[in-house]
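2 protein chains.
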Amino acid sequence: MLEYNSIIPLQDRSNDVLTVGELLIDLIADEYDDPFQGNRFSKFFGGSPSNIAINAKKLGINAQVCSAVGHDGFGRFLIDQLQKEGLPLQTIQYKDAATSLVVVTRSTATPIPIFYRGADFHLSYSAQLETSLKESKVLHFSCWPLSRNPARETVEQMIETARQHQLLIGFDPNYHPMLWPSGEDGVQYVKSIIPKVDVIKPSEDDAERLFGADSPHNQLDKFLDLGAKLVILTLGKDGALVSNGRETLTFPSLATEIIDTTGAGDSFWSGFYAAIVKGYPLNKALQLGFAVSAYKLKHAGAVIDFPVLEQIERQYFS
Amino acid sequence: MLEYNSIIPLQDRSNDVLTVGELLIDLIADEYDDPFQGNRFSKFFGGSPSNIAINAKKLGINAQVCSAVGHDGFGRFLIDQLQKEGLPLQTIQYKDAATSLVVVTRSTATPIPIFYRGADFHLSYSAQLETSLKESKVLHFSCWPLSRNPARETVEQMIETARQHQLLIGFDPNYHPMLWPSGEDGVQYVKSIIPKVDVIKPSEDDAERLFGADSPHNQLDKFLDLGAKLVILTLGKDGALVSNGRETLTFPSLATEIIDTTGAGDSFWSGFYAAIVKGYPLNKALQLGFAVSAYKLKHAGAVIDFPVLEQIERQYFS
Chain S
1 MLEYNSIIPL QDRSNDVLTV GELLIDLIAD EYDDPFQGNR FSKFFGGSPS
51 NIAINAKKLG INAQVCSAVG HDGFGRFLID QLQKEGLPLQ TIQYKDAATS
101 LVVVTRSTAT PIPIFYRGAD FHLSYSAQLE TSLKESKVLH FSCWPLSRNP
151 ARETVEQMIE TARQHQLLIG FDPNYHPMLW PSGEDGVQYV KSIIPKVDVI
201 KPSEDDAERL FGADSPHNQL DKFLDLGAKL VILTLGKDGA LVSNGRETLT
251 FPSLATEIID TTGAGDSFWS GFYAAIVKGY PLNKALQLGF AVSAYKLKHA
301 GAVIDFPVLE QIERQYFS
Chain E
1 MLEYNSIIPL QDRSNDVLTV GELLIDLIAD EYDDPFQGNR FSKFFGGSPS
51 NIAINAKKLG INAQVCSAVG HDGFGRFLID QLQKEGLPLQ TIQYKDAATS
101 LVVVTRSTAT PIPIFYRGAD FHLSYSAQLE TSLKESKVLH FSCWPLSRNP
151 ARETVEQMIE TARQHQLLIG FDPNYHPMLW PSGEDGVQYV KSIIPKVDVI
201 KPSEDDAERL FGADSPHNQL DKFLDLGAKL VILTLGKDGA LVSNGRETLT
251 FPSLATEIID TTGAGDSFWS GFYAAIVKGY PLNKALQLGF AVSAYKLKHA
301 GAVIDFPVLE QIERQYFS
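Those protein sequence lines, which keep their order, are chains S and E. Numbering follows full-length UniProt numbering, with no gaps: position 94 of the first sequence is 94. Numbering follows full-length UniProt numbering, with no gaps: position 45 of the second sequence is 45.
Calculated from the structure, these hints are not laboratory results. A quick note: this is a predicted structure, and the numbers were derived from the prediction, not measured.
Across the chosen pairs, the derived CB separations fall in these ranges: (1) S:Pro177 - E:Tyr4: 53 to 61 angstroms; (2) E:Asp185 - S:Thr161: 35 to 43 angstroms; (3) S:Asp80 - E:Glu247: 53 to 61 angstroms.
So the derived list for chain E, only partly shown, Cβ under 7 angstroms to chain S, looks like this: (4) Asn39; (5) Arg40; (6) Lys43; (7) Asp72; (8) Ala98; (9) Ile114; (10) Ser182.
Each residue gets a CB set at the ideal place from its N, CA and C atoms; glycine is no exception.
Please take these sequences and the hints and turn them into a complete structure.
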């Protein structure tokens with residue numbers, strides 16, 4: 001049981017958060033246009049694990065990314081960016097496949113992606129990776145690396161090692177059928193991972209993809225029934241519902257101005273982990289996660305220039 | 001033996017040329033820059049088989065493309081373009097994979113591509129494809145579809161059917177190790193295909209990748225020794241050497257002005273096939289192929305607005 005008024009105990013390790021999964025290029029259409037009739041695209045650094053790690057570092061904790069890229073120009077660009085952000089590179093793997101790429105058209109409605117997955121899902125379990133894991137306090141991953149082998153087996157092995165070594169494990173159950181190999185029951189697989197982790201943060205859409213449409217309180221119960229320990233169900237402008245299995249709390253949105261929603265979820269994770277690592281009690285860590293997310297919403301871009309966590313705390317709670 | 005002064009006999013069929021292979025998006029960096037540091041890319045219709053078919057149609061013969069795309073915006077864009085060019089679509093297959101994509105940086109030196117192969121190599125042998133093949137006079141393919149299964153088996157089956165039904169078979173032995181699965185002997189495989197076709201058009205680079213560096217005449221002999229019937233060895237600004245196994249002819253380049261070399265090789269094929277189909281003797285068909293290529297070199301773009309073959313003939317040979 002994770003108590004709201006308590007500090008989550010973390011092991012004494014040299015690294016704070018280790019994030020695992022996709023490191024990729026986002027190629028985004030310049031024009032808001034009919035899908036894919038536009039001719040021009042811009043390249044962006046992408047992948048939720050790296051964004052979380054970069055944010056976390058800016059907020060004032062240590063972070064490390066475990067991802068795979070190809071031996072190509074896109075891979076070099078991504079690694080250059082990580083290096084510029086001051087992240088260590090020892091858990092970056094180079095694979096004999098093209099650096100993964102997602103092409104997205106801008107649209108006033110939902111964006112339509114085409115996934116070109118290459119190196120990212122070739123992530124393998126290595127001695128270096130195990131060493132870094134054992135030196136970390138928190139392990140974080142999302143559905144991307146779970147969707148295909150060998151990355152899936154790598155994450156499964158990491159979860160096992162993380163549990164043996166008492167890391168806090170956070171999981172973003174952002175299941176999407178387009179990521180999964182056709183014919184495979186991704187929903188069932190994602191459900192099988194939930195009991196093995198400590199914290200999950202589904203959106204209402206994530207919940208609906210896993211369980212079908214239902215009320216937020218019912219969705220919370222379904223995650224808890226699967227064995228989730230702490231469920232953070234985000235409700236967009238309506239904030240979030242959080243349950244530790246005994247008590248459900250409502251968190252109103254702290255957003256005052258919305259310029260760009262890209263990366264808001266990753267910002268929550270970064271703020272939440274930073275607060276946990278800095279020793280805030282769970283209740284406050286959740287508030288700080290939502291504050292960091294609200295701060296992000298006021299700025300354009302997936303990764304923005306965050307101040308340290310304490311400054312965001314003063315801005316939102318003093 | 002293909003005699004230079006003779007017309008190559010073709011079967012009486014409703015379609016002239018059937019080209020098989022990759023249909024894909026070229027995403028080309030806007031800036032001449034350090035590899036992949038540029039941030040903007042432009043999307044182009046791509047794939048040699050379609051370019052040859054589109055050119056051939058403009059030059060005044062019928063053509064059909066046999067390729068596979070994904071159910072996505074890039075696939076729709078490519079199909080729209082084929083439709084605008086008036087090509088029939090019955091041998092286009094839709095596969096459960098992303099439409100293939102090649103990302104290329106511009107550079108004053110050699111361009112550096114990253115290959116994202118999806119739907120293109122999933123091309124399968126179908127009743128529709130066999131019907132179209134049996135209704136065609138010429139079959140053309142390059143190394144792309146040979147590099148991976150199931151497309152490889154599809155082309156192998158097409159070659160067999162084409163030989164049974166006496167189509168003229170043209171093959172572009174543009175072998176590149178980056179296209180081949182690592183660990184597989186692509187060179188040996190490409191050599192095994194050469195005896196099964198009628199016409200091949202290697203560049204000096206192609207020859208060097210297959211046999212190592214050597215003089216043009218020695219390279220010609222190596223292709224002939226493998227069983228090639230007509231070898232057109234292109235030498236860039238120095239024109240081409242052609243051998244039918246008994247006599248070697250020299251063709252000087254007809255280029256007067258070079259604006260853009262993209263698509264020059266595909267233009268040769270289009271002009272050569274158009275001339276063969278229109279009943280010109282082999283010698284003249286070769287000249288017309290080089291004339292169409294020279295015409296292309298004067299215009300920017302991979303696919304340009306060719307006039308009919310007879311007009312190009314008047315321009316270069318009267």
